[in-house]
Amino acid sequence: MHVQEQSGPGDTRFFVSAGPFDAAELARCAGAELRGSDAALDGAARFSGIAPLQSAGAGQVSFLDNRRYLPLLEKTGAGAVIVAPAFVDKVPAHAIALVSKTPYLAWARVASRFYPAPPVDPGIHPTAIVGDGAVVDPSAAIGAFSVIGARVRIGAGVCIGTHVTVGDGVEIGARSRIGSHVCLSHALLGERVTLLPGVRIGQEGFGFAVGPDGFETVPQLGRVILEDGVEVGANSTIDRGSIRDTLIGAGSRLDNLVQIGHNARLGRCCIVVSQAGISGSTELGDFVTVAAQAGLIGHIKIGDKARIGAQCGVMSDVEAGADVIGSPAMPFREFFRNVAFLRRLAKKPAQDRGREKDD
Amino acid sequence: MHVQEQSGPGDTRFFVSAGPFDAAELARCAGAELRGSDAALDGAARFSGIAPLQSAGAGQVSFLDNRRYLPLLEKTGAGAVIVAPAFVDKVPAHAIALVSKTPYLAWARVASRFYPAPPVDPGIHPTAIVGDGAVVDPSAAIGAFSVIGARVRIGAGVCIGTHVTVGDGVEIGARSRIGSHVCLSHALLGERVTLLPGVRIGQEGFGFAVGPDGFETVPQLGRVILEDGVEVGANSTIDRGSIRDTLIGAGSRLDNLVQIGHNARLGRCCIVVSQAGISGSTELGDFVTVAAQAGLIGHIKIGDKARIGAQCGVMSDVEAGADVIGSPAMPFREFFRNVAFLRRLAKKPAQDRGREKDD
Amino acid sequence: MHVQEQSGPGDTRFFVSAGPFDAAELARCAGAELRGSDAALDGAARFSGIAPLQSAGAGQVSFLDNRRYLPLLEKTGAGAVIVAPAFVDKVPAHAIALVSKTPYLAWARVASRFYPAPPVDPGIHPTAIVGDGAVVDPSAAIGAFSVIGARVRIGAGVCIGTHVTVGDGVEIGARSRIGSHVCLSHALLGERVTLLPGVRIGQEGFGFAVGPDGFETVPQLGRVILEDGVEVGANSTIDRGSIRDTLIGAGSRLDNLVQIGHNARLGRCCIVVSQAGISGSTELGDFVTVAAQAGLIGHIKIGDKARIGAQCGVMSDVEAGADVIGSPAMPFREFFRNVAFLRRLAKKPAQDRGREKDD
Chain A
1 MHVQEQSGPG
11 DTRFFVSAGP
21 FDAAELARCA
31 GAELRGSDAA
41 LDGAARFSGI
51 APLQSAGAGQ
61 VSFLDNRRYL
71 PLLEKTGAGA
81 VIVAPAFVDK
91 VPAHAIALVS
101 KTPYLAWARV
111 ASRFYPAPPV
121 DPGIHPTAIV
131 GDGAVVDPSA
141 AIGAFSVIGA
151 RVRIGAGVCI
161 GTHVTVGDGV
171 EIGARSRIGS
181 HVCLSHALLG
191 ERVTLLPGVR
201 IGQEGFGFAV
211 GPDGFETVPQ
221 LGRVILEDGV
231 EVGANSTIDR
241 GSIRDTLIGA
251 GSRLDNLVQI
261 GHNARLGRCC
271 IVVSQAGISG
281 STELGDFVTV
291 AAQAGLIGHI
301 KIGDKARIGA
311 QCGVMSDVEA
321 GADVIGSPAM
331 PFREFFRNVA
341 FLRRLAKKPA
351 QDRGREKDD
Chain C
1 MHVQEQSGPG
11 DTRFFVSAGP
21 FDAAELARCA
31 GAELRGSDAA
41 LDGAARFSGI
51 APLQSAGAGQ
61 VSFLDNRRYL
71 PLLEKTGAGA
81 VIVAPAFVDK
91 VPAHAIALVS
101 KTPYLAWARV
111 ASRFYPAPPV
121 DPGIHPTAIV
131 GDGAVVDPSA
141 AIGAFSVIGA
151 RVRIGAGVCI
161 GTHVTVGDGV
171 EIGARSRIGS
181 HVCLSHALLG
191 ERVTLLPGVR
201 IGQEGFGFAV
211 GPDGFETVPQ
221 LGRVILEDGV
231 EVGANSTIDR
241 GSIRDTLIGA
251 GSRLDNLVQI
261 GHNARLGRCC
271 IVVSQAGISG
281 STELGDFVTV
291 AAQAGLIGHI
301 KIGDKARIGA
311 QCGVMSDVEA
321 GADVIGSPAM
331 PFREFFRNVA
341 FLRRLAKKPA
351 QDRGREKDD
Chain Y
1 MHVQEQSGPG
11 DTRFFVSAGP
21 FDAAELARCA
31 GAELRGSDAA
41 LDGAARFSGI
51 APLQSAGAGQ
61 VSFLDNRRYL
71 PLLEKTGAGA
81 VIVAPAFVDK
91 VPAHAIALVS
101 KTPYLAWARV
111 ASRFYPAPPV
121 DPGIHPTAIV
131 GDGAVVDPSA
141 AIGAFSVIGA
151 RVRIGAGVCI
161 GTHVTVGDGV
171 EIGARSRIGS
181 HVCLSHALLG
191 ERVTLLPGVR
201 IGQEGFGFAV
211 GPDGFETVPQ
221 LGRVILEDGV
231 EVGANSTIDR
241 GSIRDTLIGA
251 GSRLDNLVQI
261 GHNARLGRCC
271 IVVSQAGISG
281 STELGDFVTV
291 AAQAGLIGHI
301 KIGDKARIGA
311 QCGVMSDVEA
321 GADVIGSPAM
331 PFREFFRNVA
341 FLRRLAKKPA
351 QDRGREKDD
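Chains A, C and Y supply the protein sequences, listed in that same order. The opening residue of the first sequence carries number 1 in full-length UniProt numbering; numbering runs sequentially from there. The opening residue of the second sequence carries number 1 in full-length UniProt numbering; numbering runs sequentially from there. The opening residue of the third sequence carries number 1 in full-length UniProt numbering; numbering runs sequentially from there.
Hints were generated in silico from the structure; no laboratory data involved. One or more hints might be untrue.
Note that the list lumps identical chains together, so a pair holds whenever it fits in one copy or between two copies.
To be verified - Using 30 Å as the maximum straight-line C-alpha spacing, the simulated DSSO-like pairs for lysine-lysine come out as follows: (1) LYS301 <-> LYS75; (2) LYS101 <-> LYS301; (3) LYS90 <-> LYS305.
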């Protein structure tokens, strides 16, 4: 079997397109202003899909979000391009500009117009097992070989994939999507929660005391609460609380392979990027960003809108709005000053470095 | 569906309480001394559960382990509190003090008295598949859609969850608990081993040689041995040995998303915290702690009771009892001295920093 | 159940040996030269298996690859040892030397001769579900409870484990091996692709725009392409592209718990070690090595044969052939020079350090 890359996104083996749409419809859904030559704006233009700048054709929409790709804009064959006002002059004459102050958001909406989330096909697969007293909304879907525990409540339009295990008593709010191989226990989920494949929610956290004959387990008696709109990436793990709840605030997004310890609390609209870890009982405010591979020790507080850099090691509280990086964490400016200092040092001739050694 | 947090642990949708108990019974199981006013010690007091200091009521037991939460102790409404001798005077007059030199251990035991591990409901789920020659103790439980290979041996009281795959020839000791979606092969497990959901044990390690046409796989012919009482967190991975065994010593506890490479050996009662990684053929003594996100290269030795700090990068042997941190690893004291030096430096005025550049 | 370690690899509960072989056959398959005393080379010697130096007996083959284990070579009881030319004199007189300039490669081939990959037992397990229009080669095997989507194509000799989910339209090339609990969607796999248990391929990447009411998802419309011979370790995650494809080049090997972001591209024969992460849209050339726990930010380029050290944090392009380490990444030499400088500093007496503070 030969694997060949194709020019654009939306391979029809995997995606179903809702188009075509005309420029006015795209501008409307994008909240964008239409700009271009009379010829380009001729109402007859219809768009069947989307594509990156370098491969888009006359029937496709593209976008520029990152200045780094500006050279591609000038040469694009796209029939329409979403751009920020600053770049509208760089759009080729043959193309329509869809001008937006938030081009990436406009792009999200145009792409979603062409490729809306697939509809849920209601029903419980005949191989799925549903426990006693479970209430499954008739508009929900449950995939093959999934196991739904006793007294579980599953809301309207929920879609549960294949090989999912939902423990007794769990509640899943309307329009949530639970990916394949998810394991979910001791948890309450709001509406529109998305769990990607392999997520583990609600297992016991890492809690034990040192006893005379080794470690003794501390029962983990809290829950996991995922508020409305929370999304969790593939193979991430969220432990249930030990004595209070582990809580992820509304709209927060966690990437793949993220670890959230017991009793941790994230505010609203936090971002936790891949392979980052938040230890037990640590609390994040709203709109906190934790970049990839960062680690936060337990029992600390991170203020609203703080940004924790990639690979950062946070050992103490971080103020609201602060930007920190490094291990241990320090302000961005300090970190890069230290880096520059050490870099200068490394360039000194060897004899100077020898003197230092002896002074 | 609206998700609401409740005041205490032990949500009856998820947990079954064994109480109530009187103070004497709690003191006995905690190995604690009873202290308090005559009124408080009046034998009539009975306790129905546990709760954190800030929300506990008269019928609940709480505890203080971390000095940081001392202000909460003085205001608690708990009927009984487990504390260290140093804090007994801070327990409010209305409450009984359960005084222990090891309050967290006492707490573990009291909490376990209220919430013992749920009993195993013996039997093989009708959808489970059990291979030829497998021996499953009649007191063991095997969950829905699990697949048990040929010649597997499963001991008394073992509980295997849903969607588990156990490869041919694996042995699982008495009272072990295997979580949902675990995949287990080429492995021998002792008694009371706990694997949380999504653990991968015994897959081939990362072994290959460079050949003329790319990498060539080196067969991985060892096993994984988990001794008695080992616990492994969600989605962690332990590769089987290549030419000898990968071995985790009795009582050791691994957190979520931990990686253990082929041929690695951990001694007894080691702790490996979330997202840490131990590379192939590295050996840990007994009672070693590896904190979160630390990484150890291959073929090194870590002495008994050494402590490896969070995000530490260990590139060479570590002596018994040593505390190291940083990447590359260095003694704790040296690390924090370096940090302080660089911090001071960063605060120097710009002209001083300019001089340095030219000297 | 008592767990006991045995002396050598190849426990017959888990592995089937193809031997015995004589020395000439081993030399032939290893591409090695036979050396030794007349007695040792006597054609009657036959070998039944392999073992490490310290436990091998007269009927077993061993090898020396790492100079660190030289003392074990001189005392080994092995009947034959694979060694580099430099160490042939250290092989005991009773043993045959199998001399190779690439002893680890020779070992890979000898070990594979004794323990070839188990043959695939063709057939679809009666509990597996195969979707409409799927084409499964009659020589392929599909395990219990696996779910194969509509229009999936599965090539000759493919082996799919238990509890696997393959999404609609996926293609899997000949002789690929898909481990248990793998979830695979929006993907095209070449031939001889190996996915270890728990791998997640093709889920939506971490893509969203900031809207007025929180984050809005950007549809992820690309695919994942794994070229011939790619191997992916347990519980690793590879997100599908957003607007182009995520691509892993032929022969590349990823270890456990690795994260690959959307639109990332790896060239041929790249190595990505455990817990490393490559962010979205980053591109690696051919033969790039990314060591354990390293992290690469998005939208950068790494040249051919570059080597990224363990825990390295790469924030900008890396030239072909460069060796970098540290966070942020710097050349190996510079990194270790900085480390040495700080180490020297930490050893200065306190009064000197005081002077620095005041100068």
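Taking the hints in turn, this is what the structure says about them:
1. In the homo-oligomer, the alpha carbons of LYS301 and LYS75 lie at most 30 Å apart only across protomers (22 Å), although the nearest pairing inside one protomer, at 48 Å, exceeds that limit.
2. For the homomeric pair LYS101 and LYS301, the shortest alpha-carbon distance between copies (29 Å) is at most 30 Å, but the shortest distance inside one copy (34 Å) is not.
3. With identical chains, the CA atoms of LYS90 and LYS305 are never at most 30 Å apart, being 34 Å at best within one copy and 37 Å at best between copies.
In this structure, the one hint that does not hold is number 3.
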